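S.K.: Next come the chains, spelled out residue by residue.
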Amino acid sequence: MSSKNEMLDKIAKNKPPKNTLPELLSFGSGERKEWLEQFSASSALNGGTTIVVKSWEEIESYLKSKFDLDKQTVSLSPDLNGNLDIASILDPHDLEKVELAILEGTYGVAENAAIWMPEEKLAHRALPFIAQHLVVVLESKNLLPDMHEAYRKIDVAASDYGVFIAGPSKTADIEQSLVIGAHGPRSMTVFILDL
Amino acid sequence: MKVALFVPCYVEQFYPEVGIATLELLEKYGVQVEYPLEQTCCGQPMANSGYQRFGDDASRVFMENFGDYEYVVAPSGSCTLHVKEHVLGESEVKVYELCEFLTDILKVEDVGVSFPFKVGIHASCHGLRGLRLAKSSEIVGDDFNKPRTLLEKVKDIQLVELQRKDECCGFGGTFAVSEEAISVRMGMDRLADHEDSGVEVITSADMSCLMHLQGLSKRNQHPVKIMHIAQILNGAKPS
Amino acid sequence: MAKTITHAEAAEAFLKDADRTQWHDETLWHVRTKRDTAAQKLPEWEQLRENASKVKEYVLSHLDELLVTFEKNAKANGIEVLWAKDAAEHNQHVYEILQKHSVQNIVKSKSILTEECGLNHFLEDKGFDVVDTDLGERIIQFNKQVPSHIVMPAIHLKKKEIGDIFHTHLGTQQGADDPNYLTEAARNHLREKFINANAAITGVNFGIVESGGFVVCTNEGNADMGTHLADVHIACMGIEKLIPRKADLGVYLRLLARSATGQSITNYSSHFHRPRSGKKMYLILVDNGRTEQLGREHFRNSLKCIRCGACMNTCPIYRRSSGFSYNATVPGPIGSILSPGMDLKKHSTLPFASTLCGSCSDVCPVKINIHEQLYQWRQVVTEAGHDSAAKKWAMKIGGKVMGSPSLYDFLGKSARSALKLTPKKLVYSRVNTWGKSRDLPEPPKESFKEWYRKNRKP
Ligand code: SF4
Chain A
1 MSSKNEMLDK IAKNKPPKNT LPELLSFGSG ERKEWLEQFS ASSALNGGTT
51 IVVKSWEEIE SYLKSKFDLD KQTVSLSPDL NGNLDIASIL DPHDLEKVEL
101 AILEGTYGVA ENAAIWMPEE KLAHRALPFI AQHLVVVLES KNLLPDMHEA
151 YRKIDVAASD YGVFIAGPSK TADIEQSLVI GAHGPRSMTV FILDL
Chain B
1001 MKVALFVPCY VEQFYPEVGI ATLELLEKYG VQVEYPLEQT CCGQPMANSG
1051 YQRFGDDASR VFMENFGDYE YVVAPSGSCT LHVKEHVLGE SEVKVYELCE
1101 FLTDILKVED VGVSFPFKVG IHASCHGLRG LRLAKSSEIV GDDFNKPRTL
1151 LEKVKDIQLV ELQRKDECCG FGGTFAVSEE AISVRMGMDR LADHEDSGVE
1201 VITSADMSCL MHLQGLSKRN QHPVKIMHIA QILNGAKPS
Chain C
2001 MAKTITHAEA AEAFLKDADR TQWHDETLWH VRTKRDTAAQ KLPEWEQLRE
2051 NASKVKEYVL SHLDELLVTF EKNAKANGIE VLWAKDAAEH NQHVYEILQK
2101 HSVQNIVKSK SILTEECGLN HFLEDKGFDV VDTDLGERII QFNKQVPSHI
2151 VMPAIHLKKK EIGDIFHTHL GTQQGADDPN YLTEAARNHL REKFINANAA
2201 ITGVNFGIVE SGGFVVCTNE GNADMGTHLA DVHIACMGIE KLIPRKADLG
2251 VYLRLLARSA TGQSITNYSS HFHRPRSGKK MYLILVDNGR TEQLGREHFR
2301 NSLKCIRCGA CMNTCPIYRR SSGFSYNATV PGPIGSILSP GMDLKKHSTL
2351 PFASTLCGSC SDVCPVKINI HEQLYQWRQV VTEAGHDSAA KKWAMKIGGK
2401 VMGSPSLYDF LGKSARSALK LTPKKLVYSR VNTWGKSRDL PEPPKESFKE
2451 WYRKNRKP
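Chains A, B and C are the protein sequences, given in the same order.
At position 92 of the first sequence (counting the first as 1) the number is 92 in our numbering, and the numbers step up by one without a gap.
Count along the second sequence from 1, then add 1000; that gives the number in our numbering.
Count along the third sequence from 1, then add 2000; that gives the number in our numbering.
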């Protein structure tokens, strides 16, 4: 008998009496105007920075002031410029020297600052991990209160791959001291475009 | 109201004053207390050691003594829990730990005693998480604490906040012996938390935890005093 | 065969270093308090736990059907699914995949399952270079240790010790122990490993039946760094990791990180549904004792575990004895109810490494009745005879005494007077373990019953 059948047989024999599947949970979503504040607070706790802006120009000038844009910069946002043409990259290993990746997020979750990044928004799955710094732009109208709403809104299986990114790469494996920049981004900046 | 008093074996043998305080306290609230003379032990020492089957005779004796009462009250959260979970079976008998009996059934409002000391409450785990005498620190929800509610009614008492309000003391029945090293360490840590917070008297709804803490504090000549909550509520003072 | 060390012996050895014990206890207690803060912020916390527990109950009671559907959906997504009834078969599957794709360099993110299967040793013996990429795991891999905690594998080590390990293996400055500096050294070292890896092995936090995908959670992003660069992704998953619906993730992701570390979510929650084009994705479904545990009525709920580690952080015994004292892949309370099912004799002391305080059950995000299962395992251990004859004898006598009111009264009285009459030196002799560090209560002049007869009953 194959292992599969052996395992399935044993389960059939050993499983408890059938239980019913509970309904999905959903909670009152609170005030929309609180979501932005919640998002910023959560993002800070995750080791990231959230900046609310009114225009793309604001983002641009912030980036200029904070990052060395002469280093390799990939922008997947039509409104912001990079200096590396992502279309020219076929192998993700060639992203090794990327200093800054600028991406557009889909939905952001207020309770934990997680932003849903499906593969289509990444060009390469490796991009938001391999870059030294990560910037994500999110429109304030795309904030959701909590994870229940997020899964209601997003079909996570519609993309081959997708990831909730909530902050920079971090670790606390050495005596519980928080260190940002374990393997991936050393910083994550979220711009919430509040038009 | 008639109540049968269950006095756990170690209280019976080593801490009769706790049994007496419980009895007097209940009488003070107008309860008719009977103490079935043939009672022994709930069988928990065997059961928690993995020998529930050797506790069957103890369970039988328990039911012979208490099976005909409506209410049974015991000054021990741990024994009460064991009886409820492993002894009563289908029986209709209602077994209460003393504090919950006072707050939930007698609905005691006035205790009429004074206790001018700094008191630390040791939350015994079986009472806390088994009987839910209080909300444990892990659970999210409305706060409640039955032993504390009672002590708050005592005049002049100063209830002290601890660093870890419901950490286990490390008694654990035969654990105290089979895992002696860690049991002692847990007890010493608990004592330190109380003492660092300025506690003069440690109290609890379980004498077993207190026996362990008292054994440690005496051996190490700590000044902190140990009293069962029934004694405080019954007007006793630290000796 | 060498006698297996008991938990009590291992704990005693650990406790000899009082300062380290205090440090270990406080470090983990700190994590527990962070968890409390995070949980207390959600008024719906208990509802989430209840739901998570019930959904897992559904999974366990439909596990065969769900696995079949899950496999079908995963295959339709282009994921190759393999079944392994035990650790050996799991390791063999991995080995064959690696051979088929001529893999030499492997990066691996955290997976307790692969620890359970002894995968690293198996592959190293076959000449592969397996690099654990989670920082904590890399540290203990250098140090030739196993994880002492399922979420924080190197929690037993102080930064000074990690500095020494890195000095030896990564050439960091001698004596340097700044976490930022050490992490940077590991980052550079591991980047190179990521770039050169041909295969990435990951664990699985949740397998989604409805969509045939799976979710992997990390803070470091190491699982993603590995899988998105390597040509082959092998995901190893215990069969109990299923959840029926995509939207169930809402509950579990809210609970997992909060319970584990007090974060509202891990920084990366990656949802894998299909391989990158032209690349390979394998999923190995592992039994290794799980189907058997499913058949144990009292213990099957242990399979609900989502490996958050909260029961370890809260356990007053774990905090004061460290993970190694359990001598098992999964330490702490949950380990103590899982391990006896794998090898009852070897792990027979684990169910006794607890005061049954119940903190583990109250903290557990999927509401596993851990302390009640510890109690039940104790009964099983003694029934199987894996307990000392002396204790069994004492318990039997105890039971007899408690079953006889007259004997009980007689012996109680004798014991009290004996205690009074015996010289202190004898009372506190070596056989009295209680008295090693504790005084016995002063024997009173009369028992409660004697008092009662005099004062109440005629
Ligand atoms: S048993 Fe519960 S608390 Fe312990 S690791 Fe598993 S899910 Fe977390």
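Treat the hints as calculated values from the structure; they're not laboratory data.
One thing to keep in mind: the hints can contain errors.
[Unchecked claim] With the Cβ distance kept under 8 Å, some of the chain C side facing chain B (calculated, not the full set): (1) Trp2045; (2) His2062; (3) Asn2180; (4) Lys2400; (5) Gly2403; (6) Ser2437; (7) Lys2449.
Computed from a predicted model, the values in this text were never measured in an experiment.
Ideal Cβ positions, reconstructed from N, Cα and C, are used throughout, including at glycine.
S.K.: Give a verdict on every hint.
M.R.: Going down the list of hints, with the structure as the test:
1. Trp2045: C:Trp2045 check passes; min Cβ-Cβ to chain B is 4 Å, inside 8 Å.
2. His2062: It is violated, given that the least Cβ distance between C:His2062 and chain B is near 29 Å, above 8 Å.
3. Asn2180: violated (30 Å)
4. Lys2400: holds (7 Å)
5. Gly2403: Hint on C:Gly2403: holds, closest Cβ of chain B at ~2 Å, below 8 Å.
6. Ser2437: Holds. Min distance 5 Å.
7. Lys2449: holds (6 Å)
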